[in-house]
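J.: The listed protein sequences correspond, in order, to chains A and B.
My numbering puts the first residue of the first sequence at 1, with every later residue one more than the last.
My numbering puts the first residue of the second sequence at 497, with every later residue one more than the last.
If you are wondering where the hints come from, they were derived from the structure by calculation, not from laboratory data.
Each hint should be verified, as a subset may be incorrect.
Said to hold, decoys possible - If you only want the chain B side, here are some residues facing chain A, beta carbon under 10 Å, derived:
no. : residue
1   : W554
2   : A752
3   : R755
4   : V760
A virtual CB, placed ideally from N, CA and C, is assigned to each residue, including glycine.
Given next are the chains, with one letter for each unit.
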Amino acid sequence: MNVRSQISMVFHLDKCIGCHTCSIACKNIWTDRKGTEYMWWNNVETKPGTGYPTQWENQDKYSGGWETHNGDLRLKSTGKGKIVFNIFHNPHQPSMDDYYEPWTYDYQELFNAPEGPDQPTARPVSMVTGELINIQSGPNWDDDLGGSKVYAENDPNLAGLSDEQRAQLSAVERLVFFYFPRICNHCLNPACVAACPSGALYKRGEDGIVLLDQKRCRAWRSCVAACPYKKVFYNWFTGKSEKCILCFPRIETGQAPACFHSCVGRIRYLGVLLYDADRIEEAAKRPPEELVEAQRSIILDPFDPVVIAEARANGVHESVIESAQKSPVYQFVKIWKIALPPHIEYGTLPMLFYVPPMSPVMATKEGNTIDHTSEDLFHDIDESRVPMKFLANLFGAGHEGKVRYALRKQKAVRWYRRAVTVGDVPMSTAEHMLREADSTVEEAEAIYRLTSLCTFDDRFVIPPSHREEAIQMLESPEEHRQSAGFGFLSGPRRGI
Amino acid sequence: MNRFNVRLLVAAILPALGGAQEAAEFFRQNCVSCHTIGGGRLTGPDLKDVGQRKDPAWLTRFLMNPQGMINSGDAYALQLQQQARGVVMPTVQGMNKARAEALLGLIEAESKLEKSQFIGLQISDRPFTGEDIEQGRRMFRGTRKLLNGGPPCISCHTMKDLGGLGGGRLAPDLTRVFERLEGRKNLASWLFAPATPTMQPIFRKHPLDANEALLLVALFEDSAKRGGQDDSVALLNFFFLALGGAVIGLAACDAAWKRRFRAVRRPLVRGMELTR
Numbered sequence: 001m002n003v004r005s006q007i008s009m010v011f012h013l014d015k016c017i018g019c020h021t022c023s024i025a026c027k028n029i030w031t032d033r034k035g036t037e038y039m040w041w042n043n044v045e046t047k048p049g050t051g052y053p054t055q056w057e058n059q060d061k062y063s064g065g066w067e068t069h070n071g072d073l074r075l076k077s078t079g080k081g082k083i084v085f086n087i088f089h090n091p092h093q094p095s096m097d098d099y100y101e102p103w104t105y106d107y108q109e110l111f112n113a114p115e116g117p118d119q120p121t122a123r124p125v126s127m128v129t130g131e132l133i134n135i136q137s138g139p140n141w142d143d144d145l146g147g148s149k150v151y152a153e154n155d156p157n158l159a160g161l162s163d164e165q166r167a168q169l170s171a172v173e174r175l176v177f178f179y180f181p182r183i184c185n186h187c188l189n190p191a192c193v194a195a196c197p198s199g200a201l202y203k204r205g206e207d208g209i210v211l212l213d214q215k216r217c218r219a220w221r222s223c224v225a226a227c228p229y230k231k232v233f234y235n236w237f238t239g240k241s242e243k244c245i246l247c248f249p250r251i252e253t254g255q256a257p258a259c260f261h262s263c264v265g266r267i268r269y270l271g272v273l274l275y276d277a278d279r280i281e282e283a284a285k286r287p288p289e290e291l292v293e294a295q296r297s298i299i300l301d302p303f304d305p306v307v308i309a310e311a312r313a314n315g316v317h318e319s320v321i322e323s324a325q326k327s328p329v330y331q332f333v334k335i336w337k338i339a340l341p342p343h344i345e346y347g348t349l350p351m352l353f354y355v356p357p358m359s360p361v362m363a364t365k366e367g368n369t370i371d372h373t374s375e376d377l378f379h380d381i382d383e384s385r386v387p388m389k390f391l392a393n394l395f396g397a398g399h400e401g402k403v404r405y406a407l408r409k410q411k412a413v414r415w416y417r418r419a420v421t422v423g424d425v426p427m428s429t430a431e432h433m434l435r436e437a438d439s440t441v442e443e444a445e446a447i448y449r450l451t452s453l454c455t456f457d458d459r460f461v462i463p464p465s466h467r468e469e470a471i472q473m474l475e476s477p478e479e480h481r482q483s484a485g486f487g488f489l490s491g492p493r494r495g496i
Numbered sequence: 497m498n499r500f501n502v503r504l505l506v507a508a509i510l511p512a513l514g515g516a517q518e519a520a521e522f523f524r525q526n527c528v529s530c531h532t533i534g535g536g537r538l539t540g541p542d543l544k545d546v547g548q549r550k551d552p553a554w555l556t557r558f559l560m561n562p563q564g565m566i567n568s569g570d571a572y573a574l575q576l577q578q579q580a581r582g583v584v585m586p587t588v589q590g591m592n593k594a595r596a597e598a599l600l601g602l603i604e605a606e607s608k609l610e611k612s613q614f615i616g617l618q619i620s621d622r623p624f625t626g627e628d629i630e631q632g633r634r635m636f637r638g639t640r641k642l643l644n645g646g647p648p649c650i651s652c653h654t655m656k657d658l659g660g661l662g663g664g665r666l667a668p669d670l671t672r673v674f675e676r677l678e679g680r681k682n683l684a685s686w687l688f689a690p691a692t693p694t695m696q697p698i699f700r701k702h703p704l705d706a707n708e709a710l711l712l713v714a715l716f717e718d719s720a721k722r723g724g725q726d727d728s729v730a731l732l733n734f735f736f737l738a739l740g741g742a743v744i745g746l747a748a749c750d751a752a753w754k755r756r757f758r759a760v761r762r763p764l765v766r767g768m769e770l771t772r
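Hey, can you work out the whole structure from these sequences and the hints?
T.: See below:
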């Protein structure tokens with residue numbers, strides 16, 4: 001056993017209202033520089049939809065992630081042999097058009113346009129070329145307008161759905177969508193790290209945050225191609241790739257990352273997981289239907305004395321172990337099993353988990369009356385508007401079992417709380433439902449509390465980074481204190 | 497007398513001491529590619545009894561700066577250039593007044609001999625056989641190596657009926673070189689000591705053997721008899737081969753990178769517009 005700690009995340013999709021505050025918070029802090037205009041380290045997608053970049057989930061085209069070949073894991077996009085032949089051109093590189101061409105507006109036009117019969121408008125100007133452009137797409141095109149006929153119907157997760165199910169998704173009065181916020185998953189088996197020929201990408205030992213060394217990056221862009229979630233971006237101005245850093249400067253000072261901090265719906269949870277690093281490869285090689293369980297199995301119980309002893313032996317700090325015991329992520333993923341990894345079939349073992357969203361009951365419209373197929377407000381989850389198969393493609397590697405389990409438990413919790421607060425549902429029925437959903441009253445209460453009544457400190461259990469210990473390894477803390485603070489990254493020196 | 501002066505003295509005396517020996521060596525290194533003494537003209541004239549044709553003062557001046565003499569419009573110098581089919585004698589490196597006079601002395605001495613050591617290449621008059629022509633062709637193509645390691649003709653020259661893509665296009669077509677250089681002796685001399693700026697530096701170090709020159713002459717005599725020029729078909733072939741090669745190369749690249757990323761969003765939008 002090789003116990004390590006990882007800062008992991010849960011996004012509760014049932015609570016996401018799609019306000020994009022997270023995206024803006026991230027943009028304002030990290031990606032409002034030249035060369036990063038098109039980057040959204042955090043973006044919110046509307047599902048069904050093709051996302052950003054367009055159809056990123058279609059690995060036949062983007063060649064991201066891992067595949068098993070003769071029992072070995074290997075990258076789809078590159079390898080030791082392949083990279084030699086692709087040394088002058090990376091054949092799996094997305095173009096800017098597949099993200100979108102970033103633009104601003106020429107606001108002068110609003111004031112300076114000559115008088116005419118129509119309203120003046122601010123004309124869009126490309127932030128790359130400075131030319132006037134016709135906007136072809138944007139980072140949230142599915143939602144903005146975009147003609148969702150084109151975009152929503154080409155969602156790769158619709159694979160395996162019947163024509164009827166597809167039609168049901170977009171029929172008027174049955175229309176359904178949900179939001180899917182995405183950041184870097186800080187994977188256990190990151191394809192970007194494996195792909196980098198320069199060794200610029202690394203997974204931080206102390207908390208598993210995947211970072212990209214700007215001084216080592218040589219602009220091969222293998223990481224951009226290899227990441228199946230397309231969460232590494234190439235800065236065309238600096239000639240270096242960049243990615244979400246999970247706001248590590250904030251984490252190190254005990255603050256939640258900006259997107260977490262600003263989340264209006266309070267959908268985001270952050271906490272430490274302990275995992276067994278020796279079993280990563282074994283888990284990633286399992287067939288798709290076993291992947292979710294395999295990943296769960298390498299996440300270790302932070303209360304288990306054996307695990308604690310091994311963690312200590314590996315240099316995991318006592319405070320981190322305590323933090324892991326309080327981790328909301330551990331509850332969602334391992335205890336309640338209602339948070340699932342996105343597209344685990346890509347083989348990267350993402351450490352950001354999603355609680356799948358509940359959706360309204362199906363309805364048909366006849367004349368002016370809308371008829372719900374189910375009389376129950378809390379209908380059978382198999383009859384919800386988002387087909388189970390769609391959610392299974394997104395969160396279950398195409399297999400419905402784990403997704404159905406998570407949704408049934410969520411539904412049972414709702415029934416239970418209905419019985420408690422409204423009382424129009426007999427408690428016996430609610431308890432029966434909880435049993436059927438593999439849950440108990442205590443668990444339902446805990447899920448309810450962490451979902452609905454959670455405070456800042458419940459949601460974000462950030463382990464101390466012990467920077468003082470890191471500093472002590474390099475220099476005397478007294479000396480460091482004198483040179484720290486605001487100022488130059490490389491200070492002024494005497495001489496030319 | 498200090499050491500510096502001693503050195504100067506030695507430098508001044510030494511050439512005088514070994515004069516004749518040194519001049520002969522200099523002649524062998526720099527003159528024989530174009531001149532003989534009593535062996536008939538090559539690119540440059542036969543130098544036998546040159547002292548009787550022009551006075552030593554003129555000859556010394558010419559030796560030291562041939563191009564200058566031509567530029568000054570000297571009638572005899574111009575005549576010499578014409579006889580050499582326009583080739584101008586190069587200004588030999590290391591030439592000075594003392595050396596020029598030594599060379600003239602050497603020529604005078606050699607002229608008096610019945611058979612000078614610089615009589616040059618004497619080429620056989622025997623009639624050429626089919627085998628000679630074949631061997632000549634093999635040398636031209638480079639399938640038979642040249643004895644002294646010179647490069648084969650084909651690397652720069654072409655000629656008619658060479659087959660394949662023909663030869664190089666850097667230098668003239670040699671199909672009728674036999675006519676241009678007026679016969680067996682002149683051509684052989686040229687081959688033995690080519691005087692163009694491109695060939696000279698190469699073949700000075702790797703000269704053709706007398707027999708090799710003869711075999712090449714056999715080839716050129718034969719090709720001149722047949723007449724014609726290297727036809728443009730080879731050129732056309734080359735063009736089509738290059739075109740075909742480029743197409744096949746591109747197709748191979750396309751196949752090798754078949755799974756490369758092509759645009760996703762644009763075709764998606766365009767495709768939906770078409771089916772609507």
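J.: State for each hint whether it applies.
T.: So, going through the hints one by one against the coordinates:
1. Violation of the interface hint for W554(B) is found here, the shortest Cβ-Cβ separation to chain A being roughly 64 Å, above the 10 Å cut-off.
2. Interface restraint check: A752(B) against chain A, minimum CB-CB distance 8 Å, threshold 10 Å, status holds.
3. The interface hint given for R755(B) is met, as the beta carbon of that residue sits about 7 Å from the closest beta carbon of chain A, less than 10 Å.
4. The interface hint given for V760(B) is met, as the beta carbon of that residue sits about 5 Å from the closest beta carbon of chain A, less than 10 Å.
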